[in-house]
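As they're listed, the protein sequences go chains A and B.
Going by my numbering, the first sequence opens with residue 94, and the numbers climb by one from there.
Going by my numbering, the second sequence opens with residue 94, and the numbers climb by one from there.
Treat the hints loosely; a few may be bogus.
One copy or two, it doesn't matter: identical chains are merged, so the pair holds either way.
With a straight-line cut-off of 25 Å between C-alpha atoms, the simulated SDA-like cross-links for lysine to any residue are [to be verified]: (1) LYS795 / HIS706; (2) LYS143 / VAL289; (3) LYS742 / GLN236; (4) LYS780 / GLY572; (5) LYS143 / ALA273; (6) LYS780 / MET558; (7) LYS556 / PHE740; (8) LYS680 / GLU792; (9) LYS371 / THR411; (10) LYS556 / ALA322; (11) LYS653 / GLU745; (12) LYS668 / VAL593; (13) LYS742 / ASP173; (14) LYS741 / VAL487; (15) LYS780 / LEU557; (16) LYS371 / ASP125; (17) LYS556 / GLN782; (18) LYS143 / ALA276.
These are computed hints drawn from the structure, not numbers from a lab.
These figures come from a predicted structure and were not determined experimentally.
Number of protein chains: 2
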Amino acid sequence: MQPLFQRTPVLTGDNISLKRHEILDYFLVTFDRYQQLFDTLACDEAYYQKPITLRHPLIFYFGHTATFFINKLLLVRLIDERINPRFESMFAVGVDEMSWDDLNDSHYDWPSVAEVRAYRAQVREKISHVINTTPLTLPITWQHPWWAIIMGIEHERIHLETSSVLIRQQRLDYVRQHDAWPACRQYGAAPQNSLVDISAGSVHLGKEKADSIYGWDNEYGQHHAEVNAFQCSRYLVSNQQFLAFVEANGYSNANYWNEEGQSWQHFSQATAPTFWRKKDDSWHLRLMTEEIPMPWSWPVEVNYHEAKAFCAWQSQLTGQTVRLPTEDEWYRLYDVAGLTEINADERAPANSHLDYYASACPVNQFAQGELYDVRGNVWQWTETPIYPFTGFDVHAIYDDFTTPTFDERHNLLKGGSWISCGNESRRDSRYAFRRHFFQHAGFRYVVAETPTMIATSHYETDKLMAEYAEFHYGDDYFGVENFSQALARIAIQAVAHRPVRTALDLGCASGRATFELARHFQHVTGIDFSARFIAQGVQLAEQGLLRYTLTEEGELVSYKERKLVDLGLDSVRAKVAFFQGDACNLKAQFTGYDLILAANLIDRLYNPSKLLHNIHQRLTMGGILLLASPYTWLAEHTPRNDWVGGFKKDGESFTTLEGLQAMLSPHFRLVQTAQDVPFVIRETKRKFQHSLSEVTLWERIK
Amino acid sequence: MQPLFQRTPVLTGDNISLKRHEILDYFLVTFDRYQQLFDTLACDEAYYQKPITLRHPLIFYFGHTATFFINKLLLVRLIDERINPRFESMFAVGVDEMSWDDLNDSHYDWPSVAEVRAYRAQVREKISHVINTTPLTLPITWQHPWWAIIMGIEHERIHLETSSVLIRQQRLDYVRQHDAWPACRQYGAAPQNSLVDISAGSVHLGKEKADSIYGWDNEYGQHHAEVNAFQCSRYLVSNQQFLAFVEANGYSNANYWNEEGQSWQHFSQATAPTFWRKKDDSWHLRLMTEEIPMPWSWPVEVNYHEAKAFCAWQSQLTGQTVRLPTEDEWYRLYDVAGLTEINADERAPANSHLDYYASACPVNQFAQGELYDVRGNVWQWTETPIYPFTGFDVHAIYDDFTTPTFDERHNLLKGGSWISCGNESRRDSRYAFRRHFFQHAGFRYVVAETPTMIATSHYETDKLMAEYAEFHYGDDYFGVENFSQALARIAIQAVAHRPVRTALDLGCASGRATFELARHFQHVTGIDFSARFIAQGVQLAEQGLLRYTLTEEGELVSYKERKLVDLGLDSVRAKVAFFQGDACNLKAQFTGYDLILAANLIDRLYNPSKLLHNIHQRLTMGGILLLASPYTWLAEHTPRNDWVGGFKKDGESFTTLEGLQAMLSPHFRLVQTAQDVPFVIRETKRKFQHSLSEVTLWERIK
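Please work from the sequences and hints to get the whole structure.
So, in structure tokens, the structure goes:
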């Protein structure tokens, strides 16, 4: 057996020279082990023929991890020039699945394997030199320039695994067995799977920025959850256990597949797991460098859809709710199994970190408490799409490591596989893949009545929605006070001694004024025509936070997270309710308000007179109506004939204020003279709308 | 003969009671004389059958002048309530020619003549009461509330004339002769016309706000002109003289008509003047209330097109340049003829102010110096489209009196007719009509080599053009310094001790920075892709001023005039030159500059790299390139692949500044760190774009 594959280093300490040496070693063993992976390719053609249609050929991945070091070290100025600009453009992007036109082969003129190997040698030399010679201080933290070095190493370790999957997907005649990559030779029969009772408990996830071990952006922040009791399969589902599903024609029974799974199945025409091969009527399994008779005791390797279909089939058979665990449930298993981090200097108590095999092994080889393979062997799919913890932040030099996967289409898989190493093998690590992707990944199942909750991972990227989120909950610009706060303050001043039971924020958009009014009113209703706006208010009320991207320049964005608690609004969450509704045709239930606020609303209505002629019916006698508008009348929102003012009427200029007076005077008196309140909407880092909204206060007197 | 019809009053003095009485009289005689005009209508149907398809029936005009008093007095708060809101809506607008759909009869349910007469009596009472009882101070000036009263009276006097034209256009059996409206009975033969030499001289037009006589907005401001010597017809062109043109088939000979005149002639199918009637092979003339055998010695009455066609025919016959006079030339005639204002207490030395007839009279009845009828008899068309004098301003309660006619489609006519009275009969007055309109108007002609100049009357109303005019030459908002000034200052500082021969303002838009740079450079070239923008710079360089409307709210606008002299830029007019050009493909001549300024340009180009890769060729060695941009990259302006930055490049954020450095570094060095310079573009009274432009300075070093 080989020596232990070096673990990810602790980044604190006071022996600079030792740490420098440890990091150099970590770099070299990783860089060399990655390069050694490509020694399993039997010929140069293996580098250029794509294993998977929609992904680059292996030559790209061979160069990519080296280029990544150069690009990131340039960003932190640990180096100041490129080694090979052409290679470093070619190898920079394209890791993920691409669309057919990005991959048009004519766009690429790949260099030879020898050239890339020579390039890798240059990079190895360069990075070694940086590590050897650049002044080092400890600890190495998130902002430390050396963070980029660890990032590069951990990035290469991820590709060590993903490239091993691509090699496993490459034609068999293009690969060869290699002593450094020995598969397990223990096959045998699978044990009968059974359910283990897991008691309820709380899990604490997340990581402080001050943590002493390198982490990716998605690990930071905080997440706490109470996990109900559930039952869990003792073993990962084995090839043996999965065979029953295959033989029950599970792949072709639409009842077991959800819509997304079904369309994958139709596309792929799969009838069995992707690495299964039928030869002369008996099943074989494709490993990384060979095909072997089916090792029935090994974990089956499938994508999320196949795992989920198996659970649906099991649910139907047993009458129980069989499903995949959530991420929280997996952490409960981790705790219940009494796992701790893999030690630096002893072989892992799991088929992990390349400590044993270059393949899976029987599902009953590594007991962890009452369970087996909570960690290691193959990854385990969960029901949980990856989402950011509260406090999530992107890293400045790698803002698209996780953010593109916050789309509720990338599910977390946990536990790591036989080749997961470095950060990948840590408890904190969180990796997610598209649900149809294949990794060295299988699953275990749980029986639980608790429905799975999908946490919000969504970063609002729609331009208008994100701009309004920032407008309501974000920074101030040009020294202009938050508009919703200013209006709420004016409204509350105007209400003075009057009752403060209920208020209506009509045209509430993202809902900031709804929350602000709830500081003073017992209950506040927010109504908007747009369900997308309402969703922002609802999310804040339910989850207390909102995430969105802000355009900086062109396509470059920054990532924002805003929390009610930071705005001092957490305590009013229960006092607000949001509804979708039409201000020109309000449902009867919305009435009896002590205050109605209509901010930047009237000039966006299709028929403002319908609102203005009837709004008194929604207010208590003596109640206050606050109208705020820049009077930006546009025919695209309001037909010209329905404008309240801003035109010549009977030959004379007729302002909106005059129009409001005409429409409201039967039931209202103008409480004080109109005032302009400024507001700023950020469009890009350098472009803003800066407007003045005319605020008028009306007391219902009839 | 009737007593003299009261003249427009002097609005200064110290006898309040006397002035109040004079104004009351002026109101009453005007109001009653107008009402008396309608006594020439033979029956009630005459009020409802339209004389002219595209104009309201006479019932509208009967009510309109009364409603005008109410509307304007409400605006200045001399009264505080309406007399009849329905009438006052119905009679408020629709004086001018309308489109067929505005006039759809079903929109109008006109009241009876008796009802309108009763309404007029109420208004007469009300206005009399206001004049009798409202405190009065003298002088009555432009801002004085009583200005509205004089405005109402002068407005009614205008309609006295225009309604008399409509009555003249009404069916003959709908009108009747009336003792108060006696036509001239002197016919005779026309004198032979001849040319009178008019010496060169200067004319001074315009009026101070402090002038003691009421004036319409278009009279104020200043205009000075030197008029070259010319020859002028002694008489107005008579019916006799015009007959030759009719008999020469002048109406059907396209050579005599310009394009606009020809399309009027095609539409109208006119073959003779509109008030001419052929009966039993002999010509008759329609007057206001009768038809008479053609009075050959009277002036012919035609529109501008017919007058111009006559001149074209005369030019062809004589080989001389025969044309209509300009407004300036008409004022030269006024001075040469030794005219002065009509006296308050003696009959006018002209067929004017209803002092003689309710019709024209022979062209040789009123000698004025060597000429006849410089003033009076019928209006005289000029070649001059009405335009605002420098210093023009709209009156707050009547901002659309003249502004809609600043369209180069309304030509001035001068001198007044037999019915022109009050302000209309004053030297300062300036009235213009659409060129195809008929009034009691004819013409005299001049022979002159001086081409007619068309002054700019145009108020830029195009949203983008007007916003940029304000952005460059208008007010500051939010305390943000004028952007062009700020950039010019930064550029001039950066240039420091370097040569300051020539500068290029690339993408100059409205050209403010071009002028600002000319304070320091010997010559500055402004180039923009848009001819419309260039036109603003050219107009400023040539005429020193720019006029545009600003959107206030909805369709309401304000009128702005900006002058170079007020910006301290009048002295550099000769140092600038504007060209239309493509920054991505500059003509070879634009080179050798010591400074190039490109403000808010690069993110609006279809291919910025073409500019950036070649711009060094346009600069002297050591010259400075100033780039300013908010980097608002949009695919609609710049294809995504041609953005300079603002995207992920090879996986890493690539800013525009990095892109600029990459493109410019072969020839430039960045002189100092980038700085943000703010700018504000006003869209409405309450809506602004507030942006930051990143300014970088580059010195050409290779």
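*asked:* To test your reading of the hints: which numbers does this structure violate?
replied: Hints 2, 9, 10 and 16 not satisfied by this model.
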